[in-house]
Structure formats: structure tokens, C-alpha cells
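Protein chains in written order, with this note's numbering: chain A, 1 to 137; chain B, 1001 to 1251.
Just so you know, these hints were derived from the structure itself, not from any lab.
Among these hints, one or two may not hold up.
In silico BS3-like links for lysine-lysine, alpha-carbon gap of 27 angstroms or less [unchecked claim]:
#: 1; chain 1: B; residue 1: K1180; chain 2: B; residue 2: K1131
#: 2; chain 1: B; residue 1: K1227; chain 2: A; residue 2: K135
#: 3; chain 1: A; residue 1: K135; chain 2: A; residue 2: K85
#: 4; chain 1: B; residue 1: K1131; chain 2: A; residue 2: K93
#: 5; chain 1: A; residue 1: K135; chain 2: A; residue 2: K82
#: 6; chain 1: A; residue 1: K82; chain 2: B; residue 2: K1131
#: 7; chain 1: A; residue 1: K135; chain 2: A; residue 2: K93
#: 8; chain 1: B; residue 1: K1180; chain 2: B; residue 2: K1227
#: 9; chain 1: A; residue 1: K82; chain 2: A; residue 2: K93
Cβ pair distances, simulated, as ranges [what the hints assert, rightly or not]:
#: 10; chain 1: A; residue 1: G87; chain 2: B; residue 2: D1069; range: 35 to 43 angstroms
#: 11; chain 1: A; residue 1: Q106; chain 2: B; residue 2: Q1243; range: 15 to 23 angstroms
#: 12; chain 1: B; residue 1: P1032; chain 2: A; residue 2: V23; range: 27 to 35 angstroms
#: 13; chain 1: B; residue 1: P1214; chain 2: A; residue 2: E78; range: 49 to 57 angstroms
#: 14; chain 1: B; residue 1: L1027; chain 2: A; residue 2: D24; range: 42 to 50 angstroms
Just so it is clear, CB atoms sit at the ideal spot from N, CA and C, and this is done for glycine as well.
One letter stands for each residue in the lines below.
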Amino acid sequence: MVPDPEIPVLSILDLGIVRDVDVDEGVTVTLTPTYSGCPATEAIEASVLLALKNHGVDEIVIRRVLSPPWTTDWITEEGREKLLKYGIAPPSKHSEIACPQCNSLQTELVSEFGSTACKASWRCTDCLEPFEYFKCL
Amino acid sequence: MKDQALIAYTLRLADNALVLAQRMVELVAAEPELEEELANANFALDYIGQARMFYTLAGHLEGRGRSEDDFAFMRDEHEFRNLLLLEQPNGHFGDALVRQYLFEVFYVHQLEALTRCSDAGLAEIAARAIKEVTYHRRHSSQWLIRLGDGTELSHDRMQASLNDVWRYTGEMFSADAIDKAVQEDYSGPDLEEIRQIWLREVSTTVDEATLELPGDQWMAGGGKQGKHSEHLGFILAEMQYLQRSFPGATW
Chain A
1 MVPDPEIPVL
11 SILDLGIVRD
21 VDVDEGVTVT
31 LTPTYSGCPA
41 TEAIEASVLL
51 ALKNHGVDEI
61 VIRRVLSPPW
71 TTDWITEEGR
81 EKLLKYGIAP
91 PSKHSEIACP
101 QCNSLQTELV
111 SEFGSTACKA
121 SWRCTDCLEP
131 FEYFKCL
Chain B
1001 MKDQALIAYT
1011 LRLADNALVL
1021 AQRMVELVAA
1031 EPELEEELAN
1041 ANFALDYIGQ
1051 ARMFYTLAGH
1061 LEGRGRSEDD
1071 FAFMRDEHEF
1081 RNLLLLEQPN
1091 GHFGDALVRQ
1101 YLFEVFYVHQ
1111 LEALTRCSDA
1121 GLAEIAARAI
1131 KEVTYHRRHS
1141 SQWLIRLGDG
1151 TELSHDRMQA
1161 SLNDVWRYTG
1171 EMFSADAIDK
1181 AVQEDYSGPD
1191 LEEIRQIWLR
1201 EVSTTVDEAT
1211 LELPGDQWMA
1221 GGGKQGKHSE
1231 HLGFILAEMQ
1241 YLQRSFPGAT
1251 W
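Excised from the complex, chain A in its bound form (with noise of 0.2 angstroms):
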């Protein structure tokens, strides 16, 4: 329901970041962020404000919980697949990283750095087209 802002694609519930909603008299949703200085993260607890506001709830706390530290395996299978489409690499334990595009494992590094904090900047040799790698973390 709540996107990511920075891959969109991705619900906060795909991107695994949501450790916990408790429902009680009001809601309390428990957020862990990705990385320390992610600028999405207080974005996300404004939009699950807003969105928790528009289905008529009203008492909302939004905590934030850095334990245990969020890492890509919490990402789900339905994240990775949609990630695939949307042309994202998604975090892979191996070292042969398959294009989003035409699936070949004919592919390079270009940098370790992209246009989040979370992400690397590759290539496939065959189809040449440039990818995004969504870094383990």
C-alpha cells in the first residue's frame, strides 16, 4: 500500500521494513530503517501516517526500531520478482549477477555505487544494456 519512494515498485511491506503493526485502540506500525542516513525514511512514516489517517484511523504512533539491523534477506520473494520487472537486479549470494533484461550471466561491474545508497551500477555484455544491482547488505 505504502510505496518506496525511491524504488516505487516496492511496498514497504516487500522491502521488509515493517517489523511490526500492532493494533489496539489505535495503530502502532514499527519501522526499521535501511541504511543510517536513508532520506527516504522519514518520507515512509509520513506516508504511513497519512495512509493510516485516510482509513480512518487515529491514533497512530510510528516507532522506530534499529534491532536487529535490516538487511536485503528480509526483502520478499513477491519484492524480488517485482524488482526483477522493473528492472532492478535483485540481491543475489552469488557472484554472477543476471541481467533483468535478457537473463545472461555475461554481465560487468561499471561502479559500486548508483543512484541510492542502496544500489550498484552494472552491465550486460550481451544484450549491453545497463542494469541497477540492488546491493546485499
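Given chain A's structure and the hints, the job is docking chain B onto it.
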């Protein structure tokens, strides 16, 4: 209110992260290539994020209602407790890189020890931050090796950078009463142990970079006690300008 030593220690961590981040921010749009531009900006952002978490924790431990912004913007030079190493001017690319590398090797091991300390707040920030700084260290060590073992010119300049900044490395390991209190009362880092690990790791990389480790020499100190070089004042003047001129301004 929590133990004063723990608060002071947390503020040192916060000031280190903030002052280094501020130096890195000065390099935004001045890096020699696009990849470094992204790397530097991303890493600076990690440090600002860590500084925010440490300041927030310090404010919470202190219990006097000071926010991260109060600590960052409303304190003077003598109240900052960052290492002298981190406030040194950026110089050329190699100078900034060597400073970064020498600190990050120390910081990774400091954070690693802090993940096991008995204060839960500090331990969880350390567990979050170490993932980022480990990645930074990989990057800075690769550059050190590439430039040290590069051309004759790059080799000589890296050696000069290393020699220049070496005298600021001793402060990281000189344990004072605050370091000792955190080590003893909260199972915090043992700085002598970290010094040995640091020296081994730095020696290996410096060796691979075909550079020479500077020998034992006089080491500068005082940053951890609030006695700074003339450089910090200029950093703060720029960083704090808006809040000093328009206290409480928000946007």
C-alpha cells in the same frame, strides 16, 4: 540520568561522524570522477545518519531534552569531542583518502567492539553502522592500493599523504578516563587491543600499496577533550550559520 562517561562517549562517536561527514560534504561536486562523486556522497550520508542516531541517543541518555539539532548546531568548538584527524582539511584526493582509510579501519573495530557492549542503545546503533563502514573501508583500501602501487607520481603523493596525517592517528588509541569507564562499566572497546589490530591491518594494506609505514613519532591529541586545531572553527562556522542567525529555523 545515565552515567556521564557514557553520554560523553556517545557524543564523541556522534561528533566524529558529523565532522567527517562535513569534510566529505565539502568534496561533493569536486571529486575527480562520477563514480567517486556517488561513493563520497553516499558515504557522507551514512555518516550523517550515524551522527543523528548517536546524538539522539546522547540526548535521551542525558534526559535534558536536547535534540540532535541542539548538539550539532548549538555547541561551540570546545564542546565538540571529535578526533583531530577528522577535522584536518581535505587537501588533494589522496590526502582525503588516507585520512578516510586510517579512520575507517579504526572505526570498524571500535563499532565491532561496541556491538557487544552492555548498553543496548549504543550496541544497536553500532550493529547498524558497522555494515556501512565495512563497505566504506573496502572502498578506501582499494584506492590506497591502486594509487600507492600506481605511477611514480601517485606513489610519492600517497606516501607524502600518509606521512603528513600519521601524527593524528595516535589520538584514536589514547584511552582517557571516559574510554576506560566505558570499557570497564559497559564492556566497551579495549583501545590497546584495537590499536594492535589496526596496526596489523593497516601495515598489510600499506605494504600491498608498496608504501612505507611512517615510524614512531610524536602524536597530536586533544580533540577528544575539546582542544581542537584551528580548522574545526571554520567547519562549524559554515555548518551552524543558519541556526545561529535564525535560531529554531525549520523548513
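Quick rundown of the hints versus the structure:
1. B/K1180 - B/K1131: 26 angstroms, holds
2. B/K1227 - A/K135: With Cα atoms ~40 angstroms apart, B/K1227 and A/K135 exceed 27 angstroms; violated.
3. A/K135 - A/K85: At roughly 17 angstroms apart (the allowed maximum being 27 angstroms), A/K85 and A/K135 satisfy the hint.
4. B/K1131 - A/K93: 16 angstroms, holds
5. A/K135 - A/K82: 16 angstroms, holds
6. A/K82 - B/K1131: 25 angstroms, holds
7. A/K135 - A/K93: At roughly 10 angstroms apart (the allowed maximum being 27 angstroms), A/K93 and A/K135 satisfy the hint.
8. B/K1180 - B/K1227: Answer holds: B/K1180 to B/K1227 is near 20 angstroms, not above 27 angstroms.
9. A/K82 - A/K93: It holds: about 18 angstroms lies between the C-alpha atoms, which stays within 27 angstroms.
10. A/G87 - B/D1069: 35 to 43 angstroms: 39 angstroms, holds
11. A/Q106 - B/Q1243: 15 to 23 angstroms: 53 angstroms, violated
12. B/P1032 - A/V23: 27 to 35 angstroms: Violated: the Cβ-Cβ distance is about 53 angstroms, outside 27 to 35 angstroms.
13. B/P1214 - A/E78: 49 to 57 angstroms: 54 angstroms, holds
14. B/L1027 - A/D24: 42 to 50 angstroms: 48 angstroms, holds
Consistency with the previously given hints fails for numbers 2, 11, 12, ordered from lowest to highest.
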